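Engineer: Residues per chain, in single letters:
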Amino acid sequence: MELLDLIPNLKSLGIEYGTLLMFALLLGLLLTGMPLAFVTLLVALIFALGWFGPNAVPLITSRVYSFVSSFVFVSVPMFVLMAALLDRSGIARDLFDAMKLIGGRLRGAVAVQTIFVAVVLAAMSGIIGGEVVLLGLLALPQMLRMGYNRNLAIGVICAGGSLGTMVPPSIVLIIYGLTANTSIGELFTSAFVPGFMLASFYVIYVLARCYITPEVAPDPSPEAVPSGEKLRLLKGIVLPIMVVIFVLGSIYGGIASVTEASAVGVLGVLLSTIVRREFNLPMLKGAVLQTLATCGMIVWIGIGASALVGVFNLMGGIKFVSALITGISDNPTIIILFMMLILFVLGMFLDWVGIALLTMPIFVPIIKSLGYDPVWFGVLFAMNMQISFLSPPFGPAAFYLKSVAPPDISLGDIFRSMLPFIAIQIFSVGLLIAFPGITGR
Amino acid sequence: MMSDQDVHHTTDDRKRSRAVSPGAVAQAGKIGWLIDKGGIIFAGGIFIAMLILIQEVFLRYVLNSPTIWAHEATIFLCAVAFIYGGLYCAARNTHIRVVIIYDLVSPGVRRFLDVIISLVCMISAATFAWASWLMVQRAAFAPDGSFRLETSGSAWNPPTPSLLKIFMLAVMVALAIQFLVLAVNYARGVTQAAPSIQAEGEK
Amino acid sequence: AAEFEFKFQSSDPSGNPNFELQQGWAKSLAEKTGGRVKVELLPVGSVVEHSETQDAIAAGILDGHITDTSYFTGKDAAFGLIANPVGAWSDPEQMFDFMENGGGRQLMNGLLEPYGLHFIGATTPGLEAFVSKVPIDSVADLKGVKMRAPEGLVQQVFAAAGAAPVNLPGSEVFTALDKGVIEAADYTVFSTNQAQGLNDIAPHPIYPGFHSMPLVEISMNKAKWDALPDDIKAAFEQTVHDFSRHQVAVLAERDEAAAAAAKAGGKITVHNWSAEERANFRTIATGEWKQVAERSANARKVYDALTGYLKEKGLVK
Ligand code: NA
Ligand code: NA
Chain E
1 MELLDLIPNL KSLGIEYGTL LMFALLLGLL LTGMPLAFVT LLVALIFALG WFGPNAVPLI
61 TSRVYSFVSS FVFVSVPMFV LMAALLDRSG IARDLFDAMK LIGGRLRGAV AVQTIFVAVV
121 LAAMSGIIGG EVVLLGLLAL PQMLRMGYNR NLAIGVICAG GSLGTMVPPS IVLIIYGLTA
181 NTSIGELFTS AFVPGFMLAS FYVIYVLARC YITPEVAPDP SPEAVPSGEK LRLLKGIVLP
241 IMVVIFVLGS IYGGIASVTE ASAVGVLGVL LSTIVRREFN LPMLKGAVLQ TLATCGMIVW
301 IGIGASALVG VFNLMGGIKF VSALITGISD NPTIIILFMM LILFVLGMFL DWVGIALLTM
361 PIFVPIIKSL GYDPVWFGVL FAMNMQISFL SPPFGPAAFY LKSVAPPDIS LGDIFRSMLP
421 FIAIQIFSVG LLIAFPGITG R
Chain W
1 MMSDQDVHHT TDDRKRSRAV SPGAVAQAGK IGWLIDKGGI IFAGGIFIAM LILIQEVFLR
61 YVLNSPTIWA HEATIFLCAV AFIYGGLYCA ARNTHIRVVI IYDLVSPGVR RFLDVIISLV
121 CMISAATFAW ASWLMVQRAA FAPDGSFRLE TSGSAWNPPT PSLLKIFMLA VMVALAIQFL
181 VLAVNYARGV TQAAPSIQAE GEK
Chain C
1 AAEFEFKFQS SDPSGNPNFE LQQGWAKSLA EKTGGRVKVE LLPVGSVVEH SETQDAIAAG
61 ILDGHITDTS YFTGKDAAFG LIANPVGAWS DPEQMFDFME NGGGRQLMNG LLEPYGLHFI
121 GATTPGLEAF VSKVPIDSVA DLKGVKMRAP EGLVQQVFAA AGAAPVNLPG SEVFTALDKG
181 VIEAADYTVF STNQAQGLND IAPHPIYPGF HSMPLVEISM NKAKWDALPD DIKAAFEQTV
241 HDFSRHQVAV LAERDEAAAA AAKAGGKITV HNWSAEERAN FRTIATGEWK QVAERSANAR
301 KVYDALTGYL KEKGLVK
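Residue numbers (my numbering), protein chains in the order written: chain E, 1 to 441; chain W, 1 to 203; chain C, 1 to 317.
Only chain E is shown next, with the shape it has when bound in the complex (with noise of 0.2 Å):
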């Protein structure tokens, strides 16, 4: 217990530099090249040390507990599981072959394909993590095989694959809704609109990049393609759009849960790869322990963040956050907007869980207090946790599609990429706040 006295009583501090350390050491230690969950949870194990002593330890062990037994999680691997069959298998080729054949004449019509596959991927998926591993899997070779620009593949493929806590059903939305106490339905009626906006913002930049900058989406391919090629090329797509009617068919026909529903998308794509005579048991026991390993890293990431709020509510954290927004200002759109400012420099240090744990809890009755349309804020939130994936240095898409991507394409490649993709989040947070109609509200 001697090492006990290393740690210095934090507790002195005082909330208010207790918090800036707390972010000051997250910044250091990530520039190590510490793996970042371990970053988090070595945060998480000083401040509970230093500040209630051993006897608070346990709360970490308690909350990594808590967090890998929760259901909502039980999707994400399924979601990757289905990435490592398609990759293992020839059904993504195929069917950017077949995307390629459709859309036609258009300049960067795979990118703007990919982005609608994002979006029925999300209405598939009510969590983030699965499909940036699965679009990364899936789009970003064959997109990068294509001539796509490599920066413009992975911006859509990181800003598309977090739709998916956008766009209905939304894990965001009802951990939302159960903490306002406001109807989960108008949630996620109010999101649809949004959400589809955001995605068409991302189409429209697209298009005009490949347009203004033609070098970054390949030629519409000139050369008329024989009739009897073009049947064979639109094969690759029957098989992915028979899963995607399993999926959907199953959560909106009342027969699977969101969750049994991705079960239900792994068994779609395994008998796809069956029907295509490529399954066999090495690429099944690659694709699984593909999985594990995916998962082990996505998980890890979101339990450091869950540990280190855990932590810092129990300094006080709550009161400390929501005395600085109630005290800024007396005019609600600027405390709006602080709201706003929070959620974007949280995102930068957390992950998702972690900020709506730490945020939500806060802001809900200050919002309330306010006579604001709980509703309204809730998609605004969720359209604020856009941000949050994308955004570094802690920025969870980019961190999964690290894991998938080919080596020689850093998280700094990968970041730099998304800063177009932000700037679009940042401006429809904005729209929302200055038009509040958009939610139908």
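What the hints contain is simulated information worked out from the structure, not anything from laboratory work. Some hints could be false.
[Stated by the list, open to error] Only some residues are given here: those of chain W computed to face chain C with a beta carbon under 8 Å:
no., residue
1, E72
2, A73
3, G108
4, S154
All figures in this text were calculated on a predicted structure; none of them were measured in a lab. Ideal Cβ positions, reconstructed from N, Cα and C, are used throughout, including at glycine.
Given the coordinates of chain E, work out where chains W and C with the ligands should sit on it, guided by the hints.
Structural biologist: Using the frame of chain E, we list chains W and C with the ligands on its own:
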């Protein structure tokens, strides 16, 4: 060897399959090798979880007789896979790192960083192992000291909460040992024969 | 600053009416003690998950909690039985009387103290309303209904009544109900169900409820409790007593208003079970108590005390 190499390749972009790397890094030692080999048990668990969800949909929708155990069993299988996955990535050095500065420094400094990072992670993991032990004490023993596994309290009532806490303890201990082995081997200058995946990923 | 500062974690989220009422309790305690005691109330999951608060209080991480006792069924089946003896209570006042005068308090402390906690008092949001997409007016109508039921005894009783209980977490209830994966759900009180939009997608709620009235315990670390002076202890107990009545009254009023609004809206059909059907359900439920009583010595104690009290008061034959 990882099965990935034996897969029948249908596409030409197989280069990406390094996403599944060739096993534990050399510095991880014997325990790393063991952790890597053990991965298949928990990876298989994810596959079984998928099958359980499918059969639950079938039983409920087609036969109108849902089970009382499918969801809890699925959560348990995924939870152990998630926990083991962290250990698995540690042995294979595939946890995500931000290596902006790490890549700028000389190989000597980098080696020094590897040793220090591994030691710090080892201390954290050992502390979490101790904290897990405190949780296990409350989950596996009644207040009178008698052995009883805490259950989920559902109609099925399996002892999954206590089993998961015991599993966490085992993984935290293994993680501490793994980081110790990594620290020692980095200090000794053991290098990877095959190119490491993550460490070189950032340029 | 206050003489005694405590951190209590609630099992309700910050925007939930229960949480707002609980904050009112913390305030009344501060007033009653002239500012000597300050309880900071933290929403669910803010420090540890709802199922982990008991351990956290024992370890001294949290000081106390306001939570549904049934979350600790896995530690001892007795918690599950005392927390929600399905079918026992038709009015919160009956449960409060059992807790305060019928030996409930002593039972709770007998259960909690070995775990390092002290039971201060009980409250409840009241009788839960039943959420359903299909009209259910009798036990017979429950047959084959796919419904979500979370905890042990509730699930067991519905299975015995012929329903097909589905084990779904709270986060999946809404979409599953909306899309028809399940047809009914054990959720919470009418006004909250209404606010969260459950009655819009499942327009056949049963109100007043017949199936569940959770015991919400307010308890704290035993060593910290023992160290308190007697007047502070008394203030705790008195304010918890007043709070429980206040919570029940406020929520019942809101339930009535919400039910009236729902009826007036015309889209929702509020069902009310006959006394006879309620009795039928109660008979099935009490049959299940016996099975829980076999699970541990403490559960047996709870069973004996509960049935003894109900007989004495003439609530069961
Ligand atoms: Na979604
Ligand atoms: Na971020």
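Engineer: Hint by hint, work out which the structure violates, then give me just those numbers in ascending order.
Structural biologist: The structure conflicts with hints 2 and 3, although it agrees with all the remaining ones.
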